[in-house]
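Chemist: So the sequence lines, in the order shown, correspond to chains A and B.
Every letter in the first sequence is one number past the one before it in the working numbering, and letter 91, counting from 1, is 91.
Every letter in the second sequence is one number past the one before it in the working numbering, and letter 257, counting from 1, is 257.
Any given hint might turn out to be false.
Since the list gives no way to pick one copy over another, a pair counts as held whenever it fits inside one copy or between any two copies.
Here are the computed lysine-lysine pairs in the DSSO-like style, where the Cα-Cα straight-line distance is at most 27 Å [unchecked claim]: (1) 99 with 283; (2) 286 with 331; (3) 229 with 68; (4) 329 with 179; (5) 227 with 331; (6) 93 with 286; (7) 68 with 286; (8) 21 with 316; (9) 21 with 286; (10) 331 with 68.
Source of the hints: derived by calculation from the structure; they are not laboratory data.
Bear in mind the structure is a predicted one, so any value in this text is a computation, not a measurement.
Protein chains: 2
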Amino acid sequence: MRRLINDGYDAVEEMLEGYTKAHPEYVHLDPNDGRVIVSNMLSEEPRVRIILGGGTGHEPLFLGYVGKDFGDAAVAGNVNTSPSPEPCYNAVKAVDSGKGCLYLYGNYAGDVMNFDMGAEMAAEDGIRVETVTVKDDIYSSKNFEDRRGVAGDIIVFKVAAAAAAKGLDLDAVKEAAEKANRNTYSMGVALSSATLPVTGTEIFHMEEGEMEIGMGIHGEPGIERTKLKPADEVVDELLGHILDEAQFEEGAEVQILVNGLGGLPLMDQYICYRRVDEVLNEKGLKIHRSMVGNYATSMDMIGMSVTVVKLDDELKELLDAPCDTPYWKIK
Amino acid sequence: MRRLINDGYDAVEEMLEGYTKAHPEYVHLDPNDGRVIVSNMLSEEPRVRIILGGGTGHEPLFLGYVGKDFGDAAVAGNVNTSPSPEPCYNAVKAVDSGKGCLYLYGNYAGDVMNFDMGAEMAAEDGIRVETVTVKDDIYSSKNFEDRRGVAGDIIVFKVAAAAAAKGLDLDAVKEAAEKANRNTYSMGVALSSATLPVTGTEIFHMEEGEMEIGMGIHGEPGIERTKLKPADEVVDELLGHILDEAQFEEGAEVQILVNGLGGLPLMDQYICYRRVDEVLNEKGLKIHRSMVGNYATSMDMIGMSVTVVKLDDELKELLDAPCDTPYWKIK
Chain A
1 MRRLINDGYD AVEEMLEGYT KAHPEYVHLD PNDGRVIVSN MLSEEPRVRI ILGGGTGHEP
61 LFLGYVGKDF GDAAVAGNVN TSPSPEPCYN AVKAVDSGKG CLYLYGNYAG DVMNFDMGAE
121 MAAEDGIRVE TVTVKDDIYS SKNFEDRRGV AGDIIVFKVA AAAAAKGLDL DAVKEAAEKA
181 NRNTYSMGVA LSSATLPVTG TEIFHMEEGE MEIGMGIHGE PGIERTKLKP ADEVVDELLG
241 HILDEAQFEE GAEVQILVNG LGGLPLMDQY ICYRRVDEVL NEKGLKIHRS MVGNYATSMD
301 MIGMSVTVVK LDDELKELLD APCDTPYWKI K
Chain B
1 MRRLINDGYD AVEEMLEGYT KAHPEYVHLD PNDGRVIVSN MLSEEPRVRI ILGGGTGHEP
61 LFLGYVGKDF GDAAVAGNVN TSPSPEPCYN AVKAVDSGKG CLYLYGNYAG DVMNFDMGAE
121 MAAEDGIRVE TVTVKDDIYS SKNFEDRRGV AGDIIVFKVA AAAAAKGLDL DAVKEAAEKA
181 NRNTYSMGVA LSSATLPVTG TEIFHMEEGE MEIGMGIHGE PGIERTKLKP ADEVVDELLG
241 HILDEAQFEE GAEVQILVNG LGGLPLMDQY ICYRRVDEVL NEKGLKIHRS MVGNYATSMD
301 MIGMSVTVVK LDDELKELLD APCDTPYWKI K
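All chains should be modelled from the sequences, with the hints used to inform the complete structure.
Modeler: Here it is as structure tokens:
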């Protein structure tokens, strides 16, 4: 194991303690539930509240996007494991201001089950909670509804949060998030597994010099395991799938996220971005904004994903709207 | 090799191209010198200009801190290699506004030689260039003057840039940077080597389950190579050395940086931060601001460093001053 942790069973609690102590201006732990991270910058006026969440091990996802005009709370499960229903419910109790809440998380069965139970518990208190599950990983299924959520999570979260910050009602905030969801296309490549803190071992094993395109962030199978190819070929393959799926029109405006999965140097991520920019320009697309870095990781997994978001005026306005969190700030 | 690059000889140029394309609002490449990254947000009024630099492979150092009220330019060498004198000089030509420039970089012999030659070339044009080399790695030498610069680089850079943004003259900006330098203490631990892009091989080899406290970011030797210890023990050892060296008075105010070296998950960095916070509070220090993340890396090296900065009112004001760059934003 090449991890700097204490007892693996304490890793999540210790991380949450460290996170909230490091960023006291942004967040605190809910005194009633140590798995709920609550914003210190909740709007004074009542608003639809944005609740993010899922398993841990994907930092800065989800807690890193709690702050001002973005996530109002995040719910943290164990590593690669859905949070249980109680913290999902407790997050609602901690932040609801009478306008209802929107749960936003990647589309994984365990998360769906437990967040749905949290929503039912809230309904018993008369609080309306709606849900949008992010489904941006185009390789995970041919059917949109069955797709998993990966780095595109943060695009959908940002759009929803900006819609809530505008004062839109729950139906309208949900609609904006769903629109972002339908227009967000991601695909990734892995060169290694992450290391699980409790066991100190890999989830799966890849030899040095191998890669797997289409692999999920928990090691879900991709297309095939091949010899590591040059960055430009990998990007071309990822973009090929995304462009086939998305069928952008020439002149379309897009936002790009080249997302590191944890162990890939920024140098490599910018080398990959260079090729993304080149190819999309050749295709006649107009890049409105680009993001490069470790926005949604799988701990120490070496790999990256490319996300392309098709924009219209509404999505552009919401993605460009000001926000302030430790891991995404727009003035 | 577990890197996503093309030809290793092209890695630096391709990264710089990707970086400037991804962040066109912040920077551009100097049309006269492809190794000089220039801010698009230079102040309109003449000011002392801040020029950062050094070898590449430490991203987001140095180029990631070029923007508004921070670095005005960065000079990029090859991986782990000083830039040559010409780009050091060309950076001055690109940004000088008549008030002189300050070179800021980590204290390495090659950088000192080449930046000094750049300053001499600028002097021939009548432009005054002064230098502060950062020396925060307390284990690298008993003598302050011989110490290397590691993650504390960014603290000294920030202080100098904020002093320049206040309109101070070159002597005063240099003095502020030197004060930050004397009050910045870092020490790190490595669990693996970085991978060099040109050879595709490690710089040195560490077995899984080993660690080396005090190791430099290019693999400079540390105290001894031992079995990997729990995070809290590693932090205690790093802080022990820092506290011995710094001799902070009880009640002193400090700023903390827990810096990931590239391959260490954020989860682990926050677990380490938790212990830093705990120990410093026990010692009666007051933590003014904390930063956690990959601020100065060694590509894919697994490891981290702890930096403690002793503050006074002046340093606090300069470190808190607004700035806007891709990798450090303060409102």
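Chemist: If a hint holds in the structure, say so; if it doesn't, say that too.
Modeler: Here is how each hint holds up against the structure:
1. 99 with 283: neither (43 Å within a copy, 45 Å between copies)
2. 286 with 331: Classified as within: same-chain Cα gap 23 Å, cross-chain 29 Å, threshold 27 Å.
3. 229 with 68: neither (41 Å within a copy, 38 Å between copies)
4. 329 with 179: Within. Shortest intra-copy distance 22 Å satisfies the 27 Å Cα cut-off; inter-copy 30 Å does not.
5. 227 with 331: Neither: 43 Å inside a copy, 46 Å across copies.
6. 93 with 286: Classified as neither: same-chain Cα gap 42 Å, cross-chain 33 Å, threshold 27 Å.
7. 68 with 286: between (29 Å within a copy, 26 Å between copies)
8. 21 with 316: between (34 Å within a copy, 19 Å between copies)
9. 21 with 286: between (41 Å within a copy, 13 Å between copies)
10. 331 with 68: The answer is both: 11 Å in one copy and 13 Å across copies each meet 27 Å.
The earlier numbered hints that this structure contradicts are 1, 3, 5, 6.
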